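Please build the complex by placing chain B on the supplied structure of chain A, with the hints as guidance.
First to last, the protein sequences are chains A and B.
The numbering of the first sequence is our numbering, which starts it at 427 and goes up by one.
The numbering of the second sequence is our numbering, which starts it at 427 and goes up by one.
Incorrect hints may have been included.
Said to hold, decoys possible - Pairs of lysine-lysine residues, derived as DSSO-like cross-links and limited to a Cα-Cα distance of at most 27 Å, are as follows:
id: 1; chain 1: B; residue 1: Lys668; chain 2: A; residue 2: Lys668
id: 2; chain 1: B; residue 1: Lys443; chain 2: A; residue 2: Lys508
id: 3; chain 1: B; residue 1: Lys555; chain 2: A; residue 2: Lys609
id: 4; chain 1: A; residue 1: Lys618; chain 2: B; residue 2: Lys621
id: 5; chain 1: B; residue 1: Lys637; chain 2: B; residue 2: Lys597
id: 6; chain 1: A; residue 1: Lys555; chain 2: B; residue 2: Lys668
id: 7; chain 1: B; residue 1: Lys597; chain 2: A; residue 2: Lys568
id: 8; chain 1: A; residue 1: Lys609; chain 2: B; residue 2: Lys469
id: 9; chain 1: A; residue 1: Lys535; chain 2: B; residue 2: Lys508
id: 10; chain 1: A; residue 1: Lys508; chain 2: B; residue 2: Lys442
id: 11; chain 1: B; residue 1: Lys668; chain 2: A; residue 2: Lys609
id: 12; chain 1: B; residue 1: Lys646; chain 2: A; residue 2: Lys668
id: 13; chain 1: B; residue 1: Lys568; chain 2: A; residue 2: Lys568
id: 14; chain 1: A; residue 1: Lys618; chain 2: B; residue 2: Lys618
id: 15; chain 1: A; residue 1: Lys461; chain 2: B; residue 2: Lys469
id: 16; chain 1: A; residue 1: Lys668; chain 2: B; residue 2: Lys637
id: 17; chain 1: B; residue 1: Lys609; chain 2: A; residue 2: Lys668
id: 18; chain 1: A; residue 1: Lys469; chain 2: B; residue 2: Lys609
id: 19; chain 1: A; residue 1: Lys442; chain 2: B; residue 2: Lys508
id: 20; chain 1: A; residue 1: Lys508; chain 2: B; residue 2: Lys508
id: 21; chain 1: A; residue 1: Lys489; chain 2: A; residue 2: Lys453
I should point out that these hints are in silico values taken from the structure, not numbers from a laboratory.
Nothing here was measured: the structure is a model prediction, and the numbers come from that model.
Protein chains: 2
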Amino acid sequence: MNNKNLLTKNELNDYKKLLLKKYRKEKREFIIEGKHLIEEALKHKNLLKKIITSNYSFELINKNVDLKYTSFKNICALSTTKNPQPYIGICNFLELKKIQEEKILILNKINDPGNLGTIIRTANSFNIKNIIVEGVDIYNPKVIRATQGAIFNMNIFNVNDLKKEILELKKQNYKIVGSLLDKNSIDYRNLKLDKEKFALVLGNEANGIEKNIIELLDYKVYIPIEFDSLNVAIAAAILMAKYYDK
Amino acid sequence: MNNKNLLTKNELNDYKKLLLKKYRKEKREFIIEGKHLIEEALKHKNLLKKIITSNYSFELINKNVDLKYTSFKNICALSTTKNPQPYIGICNFLELKKIQEEKILILNKINDPGNLGTIIRTANSFNIKNIIVEGVDIYNPKVIRATQGAIFNMNIFNVNDLKKEILELKKQNYKIVGSLLDKNSIDYRNLKLDKEKFALVLGNEANGIEKNIIELLDYKVYIPIEFDSLNVAIAAAILMAKYYDK
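Chain A extracted, bound-state conformation (with noise of 0.2 Å):
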């Protein structure tokens, strides 16, 4: 063990730091738990860039990421589940390009960190590539946690004004297609796409759409429910299987 690579404790503390959104975007890293992620981290370049582990007979064939050894009360601390397993992740924030494609999702003001990475998740098995996301920070640990490492395929920007984003697709001739409650809107089965270069828009788990956004809606569906309302979760996943059919 005493060749073994030790985390140090100025290393403990500056990973520390990530998880605070601040000064992931600071540093343009993130924190990732649990081996699955850290094996679908593996499969991107420039991605992974270290491992730390209280697992000491745990060995990397992958030169390119560094190893680390900490004990198991620091594995703990740079965790955010309950019952954590003995390995962590350092990642490079993605490498984003410019949305060139047709598919585009649009998230407004998402709240919940699992809803968000579910509908990453769900993203991904559509393959819709390019998500802009305005609300919770995509590399929050509990967003990467519940895409289950489909964030890693994707290109996907936080931004912070939104309306802009939307104008500047709107010149692109993206049609945008926002899901509301509103019973008055388009019944979303009798929409027809197939030709139009289109983004659609999810709101808000509470509050839905913001105004200023429904406002630049070129058609505005919704789900026939006869009860309550969809977890938007849900409501996204049943959307993309209808507008992102193959």
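Relative to the frame of chain A, chain B by itself:
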């Protein structure tokens, strides 16, 4: 405060037991948490029997429900959330009816209480009232919470022998439709069920529908996706939106 009706130590110990499935089953009672669920439960006759609160200024108009006051520490002992609201409800098990309608959902060993709860909430929105569940206890506090109260509208059964239940439905001419990952199944969009009585089966998060249940399926469907897999609550929603459409 002297004339307030205080929770006794014996009552507290009795209700704490309801956090365990075994005692819920024995007493035919379950715990709910928070104002929203209590308000939802109050809409149903014979459901909510007692409210326990640490908010001494809380009063209740409904005289059919018993109200007890206690310390916030005791509320925490009855709660399964990190930051509980000061309201706990004790409910009677749901009153169930024989299934007579044609909309049935069957859940074969769903493992995650959050997924089960989300599926129940979605089913309620699509007016599917009959659910047969093999697996997680439907009265698990995490399930109840994820349903956001939708479970109170349900005719929902926890069964031990799902095969027997499905054979019974088949005798009554229900067609059994199962959601598989296997691409040799029917693309779900190509199955028309307009005039048939049917029940939709969803399986476990990791393993899907069990082999002995697959053998009973009349139709095997899959959702075509390009990457990974969908969360089971997401798959359930896409299929419900398709098959239980008005």
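Each hint tested on the structure:
| no. | hint | in the structure |
| --- | --- | --- |
| 1 | B:Lys668 x A:Lys668 | 10 Å, holds |
| 2 | B:Lys443 x A:Lys508 | 23 Å, holds |
| 3 | B:Lys555 x A:Lys609 | 23 Å, holds |
| 4 | A:Lys618 x B:Lys621 | 26 Å, holds |
| 5 | B:Lys637 x B:Lys597 | 20 Å, holds |
| 6 | A:Lys555 x B:Lys668 | 24 Å, holds |
| 7 | B:Lys597 x A:Lys568 | 46 Å, violated |
| 8 | A:Lys609 x B:Lys469 | 25 Å, holds |
| 9 | A:Lys535 x B:Lys508 | 24 Å, holds |
| 10 | A:Lys508 x B:Lys442 | 22 Å, holds |
| 11 | B:Lys668 x A:Lys609 | 19 Å, holds |
| 12 | B:Lys646 x A:Lys668 | 20 Å, holds |
| 13 | B:Lys568 x A:Lys568 | 18 Å, holds |
| 14 | A:Lys618 x B:Lys618 | 20 Å, holds |
| 15 | A:Lys461 x B:Lys469 | 45 Å, violated |
| 16 | A:Lys668 x B:Lys637 | 30 Å, violated |
| 17 | B:Lys609 x A:Lys668 | 19 Å, holds |
| 18 | A:Lys469 x B:Lys609 | 25 Å, holds |
| 19 | A:Lys442 x B:Lys508 | 22 Å, holds |
| 20 | A:Lys508 x B:Lys508 | 11 Å, holds |
| 21 | A:Lys489 x A:Lys453 | 23 Å, holds |
The structure fails to meet hints 7, 15 and 16 from the earlier list, while all remaining hints are met.
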